[in-house]
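K.L.:
Protein sequence lines, in the order shown, are assigned to chains S, D and W. Our numbering numbers the first residue of the first sequence as 59 and each following residue consecutively. Our numbering numbers the first residue of the second sequence as 2 and each following residue consecutively. Our numbering numbers the first residue of the third sequence as 7 and each following residue consecutively.
Hints in this document: simulated from the structure, not taken from any laboratory. Being a predicted model, the structure only gives us computed values, none of them experimental. Warning: the hint list may mix true and false statements.
Unchecked claim - Computed cross-link-like contacts, SDA-like style, restricted to lysine to any residue with a CA-CA straight-line distance of at most 20 Å:
(1) S:K225 to D:R94
(2) S:K225 to D:P5
(3) S:K225 to D:A15
(4) S:K225 to D:A75
As the list claims (entries may be wrong) - Sample of chain S residues at the chain W side, in silico, Cβ under 8 Å:
(5) V63
(6) H65
(7) N149
(8) V165
Cβ atoms here follow ideal geometry from the backbone N, Cα and C, with glycine treated the same way.
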Amino acid sequence: MTLSVSHVIFVVLSATALVGALGVVLSRNLFRAALFLVLSFVGVAGLYILLEVEILAMIQLLIYVGAIAILIIFVIMVSRQLMSPQYRAWNQQRPGGAVVAVVLFAVLAFVLLSVTWPTAEAAVPQDAIARLGRALVAPDQFVLPFEVASVLLLVALVGAVVIAREK
Amino acid sequence: MQVPLSWYLIVAAALFCIGLYGVLSRRNAIAILMGVELMLNAVNVNLLAFWRYGEVARGTLAGQVFAIIVITVAAAEAAVGLALVIAVYRARRTVDVEEVELMKL
Amino acid sequence: MTEFFFNLTWLIPLFPLAAFALIVLWTNRNRLLSTWVAWIGIGLAWILGWTLFFLSGREAHSLTPPGGGHPVPLFSIPTGTTLLRLGFQVDTLTGLMLFMVPFVCLMIFIYSKGYMNYGREDVDPRYSRFFAYISLFACGMLGLVVSDNFVTLLIFWEVMGLCSYLLIGFWFDKSYKDPKRITPKQAGLKAFLTTRIGDALMLAGMLLLYSQTGTLTFREIFREETLHTLATSYAWGQVPWATLCAILIFGGAVGKSAQFPLHVWLPDAMEGPTPVSALIHAATMVSAGVYLVARTFPLFVAVEGGTQLAVVAFIGAFTAFLASTIAVAQNDIKRVLAYSTISQLGYMIAALGLGAYVAAVFHLITHAFFKALLFLGSGSVIHGVEHGHHHTHHHPSEGEGHGDEREFDANDMMNMGGLLRRMPTTGWTFIIGALALTGIFPWAGFWSKDEILADAWRVFTHGGEFGVSMGWGFFVWLLLTAAALLTAFYTGRQIFLTFAGRPRTEAAAHAPESVPSMTWPLVILAAFATVLGLFGTPWANRFYALIGHQAEVMGREIAHGEFNPTVAGISTLVALSGWLIAWLIYGRKPLLVPVDPLEKALGPLYRWLKNKWYFDELYMALIIRPAIALARACYTFDDKIVIDPIVDAVGRFGRWLSEWLKKAVDNPVVDGAVNGVGQVTAWLGEFMRATQTGQVQNYLLVAAVTVLLLLAMFLIRTWGTWSVWLAFLTG
Numbered sequence: 059m060t061l062s063v064s065h066v067i068f069v070v071l072s073a074t075a076l077v078g079a080l081g082v083v084l085s086r087n088l089f090r091a092a093l094f095l096v097l098s099f100v101g102v103a104g105l106y107i108l109l110e111v112e113i114l115a116m117i118q119l120l121i122y123v124g125a126i127a128i129l130i131i132f133v134i135m136v137s138r139q140l141m142s143p144q145y146r147a148w149n150q151q152r153p154g155g156a157v158v159a160v161v162l163f164a165v166l167a168f169v170l171l172s173v174t175w176p177t178a179e180a181a182v183p184q185d186a187i188a189r190l191g192r193a194l195v196a197p198d199q200f201v202l203p204f205e206v207a208s209v210l211l212l213v214a215l216v217g218a219v220v221i222a223r224e225k
Numbered sequence: 002m003q004v005p006l007s008w009y010l011i012v013a014a015a016l017f018c019i020g021l022y023g024v025l026s027r028r029n030a031i032a033i034l035m036g037v038e039l040m041l042n043a044v045n046v047n048l049l050a051f052w053r054y055g056e057v058a059r060g061t062l063a064g065q066v067f068a069i070i071v072i073t074v075a076a077a078e079a080a081v082g083l084a085l086v087i088a089v090y091r092a093r094r095t096v097d098v099e100e101v102e103l104m105k106l
Numbered sequence: 007m008t009e010f011f012f013n014l015t016w017l018i019p020l021f022p023l024a025a026f027a028l029i030v031l032w033t034n035r036n037r038l039l040s041t042w043v044a045w046i047g048i049g050l051a052w053i054l055g056w057t058l059f060f061l062s063g064r065e066a067h068s069l070t071p072p073g074g075g076h077p078v079p080l081f082s083i084p085t086g087t088t089l090l091r092l093g094f095q096v097d098t099l100t101g102l103m104l105f106m107v108p109f110v111c112l113m114i115f116i117y118s119k120g121y122m123n124y125g126r127e128d129v130d131p132r133y134s135r136f137f138a139y140i141s142l143f144a145c146g147m148l149g150l151v152v153s154d155n156f157v158t159l160l161i162f163w164e165v166m167g168l169c170s171y172l173l174i175g176f177w178f179d180k181s182y183k184d185p186k187r188i189t190p191k192q193a194g195l196k197a198f199l200t201t202r203i204g205d206a207l208m209l210a211g212m213l214l215l216y217s218q219t220g221t222l223t224f225r226e227i228f229r230e231e232t233l234h235t236l237a238t239s240y241a242w243g244q245v246p247w248a249t250l251c252a253i254l255i256f257g258g259a260v261g262k263s264a265q266f267p268l269h270v271w272l273p274d275a276m277e278g279p280t281p282v283s284a285l286i287h288a289a290t291m292v293s294a295g296v297y298l299v300a301r302t303f304p305l306f307v308a309v310e311g312g313t314q315l316a317v318v319a320f321i322g323a324f325t326a327f328l329a330s331t332i333a334v335a336q337n338d339i340k341r342v343l344a345y346s347t348i349s350q351l352g353y354m355i356a357a358l359g360l361g362a363y364v365a366a367v368f369h370l371i372t373h374a375f376f377k378a379l380l381f382l383g384s385g386s387v388i389h390g391v392e393h394g395h396h397h398t399h400h401h402p403s404e405g406e407g408h409g410d411e412r413e414f415d416a417n418d419m420m421n422m423g424g425l426l427r428r429m430p431t432t433g434w435t436f437i438i439g440a441l442a443l444t445g446i447f448p449w450a451g452f453w454s455k456d457e458i459l460a461d462a463w464r465v466f467t468h469g470g471e472f473g474v475s476m477g478w479g480f481f482v483w484l485l486l487t488a489a490a491l492l493t494a495f496y497t498g499r500q501i502f503l504t505f506a507g508r509p510r511t512e513a514a515a516h517a518p519e520s521v522p523s524m525t526w527p528l529v530i531l532a533a534f535a536t537v538l539g540l541f542g543t544p545w546a547n548r549f550y551a552l553i554g555h556q557a558e559v560m561g562r563e564i565a566h567g568e569f570n571p572t573v574a575g576i577s578t579l580v581a582l583s584g585w586l587i588a589w590l591i592y593g594r595k596p597l598l599v600p601v602d603p604l605e606k607a608l609g610p611l612y613r614w615l616k617n618k619w620y621f622d623e624l625y626m627a628l629i630i631r632p633a634i635a636l637a638r639a640c641y642t643f644d645d646k647i648v649i650d651p652i653v654d655a656v657g658r659f660g661r662w663l664s665e666w667l668k669k670a671v672d673n674p675v676v677d678g679a680v681n682g683v684g685q686v687t688a689w690l691g692e693f694m695r696a697t698q699t700g701q702v703q704n705y706l707l708v709a710a711v712t713v714l715l716l717l718a719m720f721l722i723r724t725w726g727t728w729s730v731w732l733a734f735l736t737g
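Please construct the entire structure, taking both the sequences and the accompanying hints into account.
P.N.:
Structure follows, in structure tokens:
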């Protein structure tokens, strides 16, 4: 296998994502963790672009970074507990959790590497975005999940408002 | 497509496991939510990688659609989850999940 | 026809037994009914008894003991390899007894109605019980004489012993102010215990006999071969089995017939009602001992010249003499008769000891009649004196010699006198009885006593059959003749003190004659006492005809008692002398004051006689006190030293054990188990509860681990071996 640019880009993007992830779970400071989360999201978005699904990279950045991460930051600020002296970041399962994560990763890696994945060489069509739009609303394709997802968002919206409301 | 599919999958797996570690080990509810988001991201990476390396040939877009749906769900879940965190914080003055153990026998 | 009646033998003891049961269970409250039930019971036995007597008399030659006897088998008890055959038999000896026993009993039963004050306000409160007891007793005696084996003999023997105890102690609540006077309760016990000693010896004899012969039926034991074996096989040393058994069985006779040394109970048995004294202690029970020896006579003569006969003769003769001496100094009218009985029984026993079988049985029969007569007469006298006493003192009575403020003793002859005029029937019948007893011609006692004396003299001069030595003959003759003298004396004394002269007390002065139910039996018995002797005259001895052939069966002959004028003359002379002396002292100038001139005359000898040769005191010191002391020592040892400590120790041990068990087993094991279950459950619960932390992350971790495990399972299955893993790991 010859090393090409895409490999390098992949590694960089992956590293970004993974480092960000590690930062999320290992930072004591919650705010920093949130920022690392943003970094991880960005890295993942980059991977999406490498996968030639630019639309999703956009969605990722918009939604995840723009909405979710911001929301998280806001909530962190609302519920500040960082300055309390008894602040503890990790619970008793820390070693257990680490073991489980590592072992799981080992197993998954083993499986993934052992299998020869049947891949198909094909190019992404030019009108991929149009196709995506059509797929979302076409009755014989994915209109139902789409509509349900909308309802879900509505419900989540209402629900979140109700839950977080001041009594 | 020079990057082998397995690399993507390995990254996704790693991301997933890191997120799992965060979910299992952190005390702060928000930190746990962040771990969940990481896991969902990993899932998306998996989905899109498989779409790119297999489904594209067939012409369907299931992978992408699925990924979009996942993002939608993640957003909804994040919203509700954070709303809960706020509600709990208002009631209990804490976001430490260890202190919210009302389901204990 | 004879067969038919003989087969009904078992009914004879059954009739009075049924009467006993009926009175006890049903007619107890009704006195008249109880009386009639008892009378019918004994009456039926009498009728059947006389029938069998006459029938047996007719067939005498085939029914002489020991081999004869019409057997009436009852039932057999299996004992190991052999059978114990029990049954009844009627031979001539039994027939004779059946002549005497039920008739005399009937007379006494009739007499008892009046004696127990039936119909008067002072009727005995336990009236019915009395008739029940005497019925039971009659059953015992009748059963005894018809038994054909030792077992039923023993059973009825013991029944009589029981009834004797019950009847002597009939007035068991009577007590005296004088502590030296024996109470009826004590007297009953004394009788029972003393005869028990004899019974124990008898039982030993029976058991040894059984062990040697394997049977207890008379017929089988008295077979010639059996007797021969017994005579020639030796128990130990030089003593043959026959001798040993005979002496032991004689022990029972010594007890029951109140011979020396077991004679002490009979005088005290006079505490019982007079009919009891007449029935049991004159006519029937005490003669059971004599009957026993007569029945087992073959055993006694199995060994030629054996010691057993010598023992019998000695005891009989000595007792006869001993008792007659004591009677001389007694003031209680019944006690005189009691010692007289002992003495006369001694005559019979002595006769048996000399081999004078027929004479002994003859005297047995005649004695029963006139002694019963004498006792009943004395009862009538006592009754009269008592009623006279109450007449003059208006005291309610309960029986003889009860304790009032001055303890008037109605039995004491010193309180009597002149009663012939007041109670003529009683008096004259009593005199007839006395004439019979003292052996005055032609009354019954003359013939039977004389026959014994004649037989004794013959043994002395010619030697006896069965190897009895001449010396014994003389010894017996001498003592019995001396006893005859004394008998006549004390009997005369008794007559003169009671009936002659003037009443010495108010009570005697007002004594009425007794009711007919009491006087008629006296008359009837007096008639028998007069004529019975004529059946045993030496020239026409019916008794010999009946039972004398026994010896023939054994290859020997019991000599006819020929009439010996010398002996007869001596005995008559002796009797008359006794009467004369009595008349001289008591009759010529009847006593006006209750002081016995003999007392002054004999001095210390009088005291020795009055106190019965101090036998009671001797026994008390030698036997009773040591026995009581031994009992007390055993009690102390057993109970206080051994048993109590053991029991306490067991108790303490038990408690200690239970406490230890509680600590060692119950608490740790049982409680431990029970608590343990609880604790384990609690621990399990705590353990399990740990899984419910309420922390979602814990649940997640568990889920994650589970997923890993499942994955591992899948992988291992899919990828097989460790080598694959290794290969992967090493690249």
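K.L.:
Identify whether the interface hint at N149 (chain S) stands, where standing means a beta carbon of chain W within less than 8 Å of its own.
P.N.:
Result: holds, 6 Å to nearest chain W Cβ.
K.L.:
Decide if the proposed pair is consistent with the structure: K225 (chain S) and A75 (chain D), CA atoms, cutoff 20 Å inclusive.
P.N.:
27 Å, violated
K.L.:
Does K225 (chain S) pair with R94 (chain D) here, judged by a C-alpha cut-off of 20 Å?
P.N.:
15 Å, holds
K.L.:
Going by Cβ atoms only, is V63 (chain S) closer than 8 Å to chain W?
P.N.:
Status violated, d = 27 Å.
K.L.:
Let's test the interface hint: is any C-beta of chain W closer than 8 Å to that of V165 (chain S)?
P.N.:
The hint holds - V165 (chain S) has a Cβ within 8 Å of chain W, the shortest such distance being about 5 Å.
K.L.:
So if I understand the rule, the pair passes when the alpha-carbon distance is 20 Å or less; does K225 (chain S) with P5 (chain D) pass?
P.N.:
Given pair K225 (chain S), P5 (chain D) is violated - Cα atoms ~54 Å apart, limit 20 Å.
K.L.:
Is the interface hint satisfied for H65 (chain S)? The criterion is a beta-carbon contact with chain W at less than 8 Å.
P.N.:
20 Å, violated
K.L.:
Has the given pair, K225 (chain S) with A15 (chain D), been kept, meaning a C-alpha gap of at most 20 Å?
P.N.:
42 Å, violated
Of the hints listed earlier, those the structure fails to meet are numbers 2, 3, 4, 5 and 6, in rising order.
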